[in-house]
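Here the protein sequences come in this chain order: A and B.
If you count by the working numbering, then the first sequence holds residues 1 to 435, one letter each, in order.
If you count by the working numbering, then the second sequence holds residues 1 to 249, one letter each, in order.
Do not take every clue at face value.
[Stated by the list, open to error] Label pairs and their calculated CB-CB ranges:
no., chain 1, residue 1, chain 2, residue 2, range
1, B, G145, A, P11, 35 to 45 Å
2, B, E112, A, A396, 17 to 27 Å
3, A, T355, B, G111, 40 to 50 Å
4, B, T117, A, P11, 25 to 35 Å
5, B, T117, A, A15, 31 to 41 Å
[As the list claims (entries may be wrong)] Listed next, the in silico DSS-like pairs over lysine-lysine satisfying Cα-Cα at most 30 Å (straight line):
no., chain 1, residue 1, chain 2, residue 2
6, B, K25, B, K238
7, A, K46, A, K35
8, B, K5, B, K50
9, B, K100, B, K26
10, A, K290, B, K108
11, A, K290, B, K100
12, A, K58, A, K329
13, A, K290, B, K14
14, B, K26, B, K151
Calculated directly from the structure, the hints in this document are not laboratory data.
Treat the numbers as computed from the prediction; the structure is a model and nothing was measured.
Every residue gets a Cβ at the ideal spot worked out from N, C-alpha and C, and that includes glycine.
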Amino acid sequence: MAAELKLVRTPAEEALAERFPAIKASLPGGAQIVKLREAAFERFLKRGLPNRRVEEWKYTDLRALMREAAPFAPIPSDAEAARALGSARTFADLGAIQIAFVNGHHVPGSETVEGLEVVPLDAALAAGASVGPIEAAREDAAYGLNTAFMNDGVMIRVAPGAIVERPVHVRFVNTGGSAFATATRVLVEVGEGASLTLLESHEGLDSAACQLNDVVEIVAGDRARVRHVRLNAEGTQSLALSTLVAKLGAHVSFDTLNVVIGSRMARHQVYLTFAGEHANANINGATMLKDEQHADTTLVVDHAVPHCTSRELFKTVIDGDATGVFQGKIIVRPHAQKTDGRMMSAAVLLSDAGTMNNKPELEIFADDVQCAHGATCGTLDEDLLFYLMARGLPRAEAESLLVQAFLGEAIEAVEDEAVREALIGVVSAWLEARH
Amino acid sequence: MLEIKNLTVQIEDKKILDGLNLTVKKGEVAAIMGPNGSGKSTLSYVIAGKEDYVVLDGEILLDGENILELEPNERAARGLFLAFQYPLEIPGVATMTFLKAALNAQRKARGEAELSTPDFMRRVNAAAQQLHIEKDMLKRALNVGFSGGEKKRMEILQMALLQPRFCILDETDSGLDIDALRIVAEGVNALRSPDRSFLVITHYQRLLNHIVPDTVHVMANGRVVRSGGPELALELEKNGYADYRQQAA
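Chain A extracted, bound-state conformation (with noise of 0.2 Å):
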């Protein structure tokens, strides 16, 4: 108790303690999700943003990286939103439905297809749409977070049985001058049977320090397709904390691939659990870090049921002084027989200053699994490079094609094969960018 009395608030931590109060009355949800809100506070005020000392953040130290807290972002006009989104360029001329935010406020007015809602996430909550459908999550601090002072967001839904053919494509558009805060959250739901191809893209100005804090949240019924792409191509300055929280029914198909180019600090979460037997994920990451970025990939895999498959595989290319953090974790319950998983992450070091920090954990309490996790860092093979620069191709490009090659294996399960050529786009244009 001592300890608690004596912990000393970082300027964030202040801010934080005291904007909740202030302003928690204006912020979305009934008497349910006050519940929420409050008890995600209460878990902040006891512990503080996490530290080195805290498991789960030990290569991500928030409360260093995150000294002041960034006021919410007002509104945008109506001119300001239309300007900031007629200058994003990411996902573009994919024909996707799209929903857009702008400085973390959501831009109302997406089309409408059928099988396909699109509600803003006060009047969800208001008709009694719930959140938070993984336990586990609550406890995190960047999700408790966003749980506390969440005031902006979607709930789309796909009807039972429809087939949502066009990608869902949620943009995140940030701008202006100043540092600000964000804190939106997506609720997904895909019926039983159902099908969703959904986008997420992150991009923003250099200029500014922002503090963004994204939750999707994706509820598959029995049976429904999901396939997920969410790309972080945001400022050079900005801290971005994403969590993906999926939940998914019997037979569910659910693809998953997050890239990061962005971001001074990122750290994406997943938080998957398989509710339903016979269940399918494949869980991707391709991330290029350069000059004093840091990413962290820390990922939660639960398989709670029988005969379930999960493949987790993840790419980190880094080059300048940058750091990549993988965190990933399969849990497999003493009932889930037949789980079939399979982790393995995979980084490629460019230059002599990079950092890479691999933890993979297994926890299994069943004896009839097949489990396996693999760690790989290293520099691009010499006799490669040789064999191509032998062929007559400049060393710089030689190394270009070694690391798509290598980033090409996560990126290469995304069907959508628009969708898979704008992410080779982005992967030339970031080695390009290096020479």
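With chain A's structure known, arrange chain B on it following the hints.
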């Protein structure tokens, strides 16, 4: 065309080439034979520009220019080609992507325009047909899952496509059965021209029945210890390398 003078090379404190001299004229096919460990593969790597070797002395002149200071890709753009003894598998790199990147990189370095895709395809298909390379092979990742023979044919396909002026074949016959050897040799022979030279490195005389050399050089302990005509290869086949091992020791 290629002049190697007093080449002395070491790797990890071990001297592999020790004052090697060799001249290959324009249009000449020169064979290098020698026992294991005589430095044949090192010679091919050093000419191509592999980093691991320390050149203590000597020079390698390609048409009068010392190429020792050039990067491997700069040597390639000047017309040097090494067909690897063990071609490398590169997962994730499509064979066609690689071929096009290599050809255009060389053309760019020489100030030539990039090839159009139809033009490129025509050249690849012509070379593939001659070397009995199935279209399916070209669709796969470079050398991944190729048999030994397929890898060697892919090396010759690259050579045919890149049209180098000086070709080094490093034990191209190793791991090949008779039929594959014939296909590879035909591919090489089709490229013989008065403007193109070859350095054919091999243990065995067998390859030289198919690719008949103009000159034969024997390497032992890091230098050329004897030179002659094609008859020298036959003599080696009969007597083995014992004499040279003793001479070197």
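Now the hints, each set against the structure:
1. Taken as a hint, the range 35 to 45 Å is violated for the pair G145 of chain B and P11 of chain A, whose Cβ atoms sit roughly 58 Å apart.
2. Roughly 20 Å separates the CB atoms of E112 of chain B and A396 of chain A, a value that falls within the hinted 17 to 27 Å.
3. Look at T355 of chain A against G111 of chain B: about 42 Å separates their beta carbons, and that is inside 40 to 50 Å.
4. Range check, T117 of chain B to P11 of chain A: about 59 Å between beta-carbon atoms, so the 25 to 35 Å window is missed.
5. Against the hinted window of 31 to 41 Å, the Cβ-Cβ separation of T117 of chain B and A15 of chain A comes to about 58 Å, which falls outside the hint.
6. For the hint linking K25 of chain B to K238 of chain B, the alpha-carbon distance of about 28 Å falls within 30 Å, and the restraint holds.
7. A hinted pair counts as satisfied when its Cα atoms are at most 30 Å apart, and K46 of chain A with K35 of chain A qualifies at roughly 17 Å.
8. At roughly 18 Å between alpha-carbon atoms, K5 of chain B and K50 of chain B fall within 30 Å of each other, so this suggested pair holds.
9. Taking the CA atoms of K100 of chain B and K26 of chain B, the gap is near 28 Å; set against the 30 Å cutoff, the hint holds.
10. Of the pairs offered as hints, the one joining K290 of chain A and K108 of chain B holds, with about 29 Å between alpha carbons and a cut-off of 30 Å not exceeded.
11. About 29 Å separates the Cα atoms of K290 of chain A and K100 of chain B, which keeps this hinted pair within 30 Å; it holds.
12. About 15 Å separates the Cα atoms of K58 of chain A and K329 of chain A, which keeps this hinted pair within 30 Å; it holds.
13. For the given pair, K290 of chain A sits about 39 Å from K14 of chain B by alpha-carbon distance, which is inconsistent with the 30 Å threshold.
14. At roughly 28 Å between alpha-carbon atoms, K26 of chain B and K151 of chain B fall within 30 Å of each other, so this suggested pair holds.
Violation of the numbered hints given earlier is confined to hints 1, 4, 5, 13; the remaining hints are satisfied by the structure.
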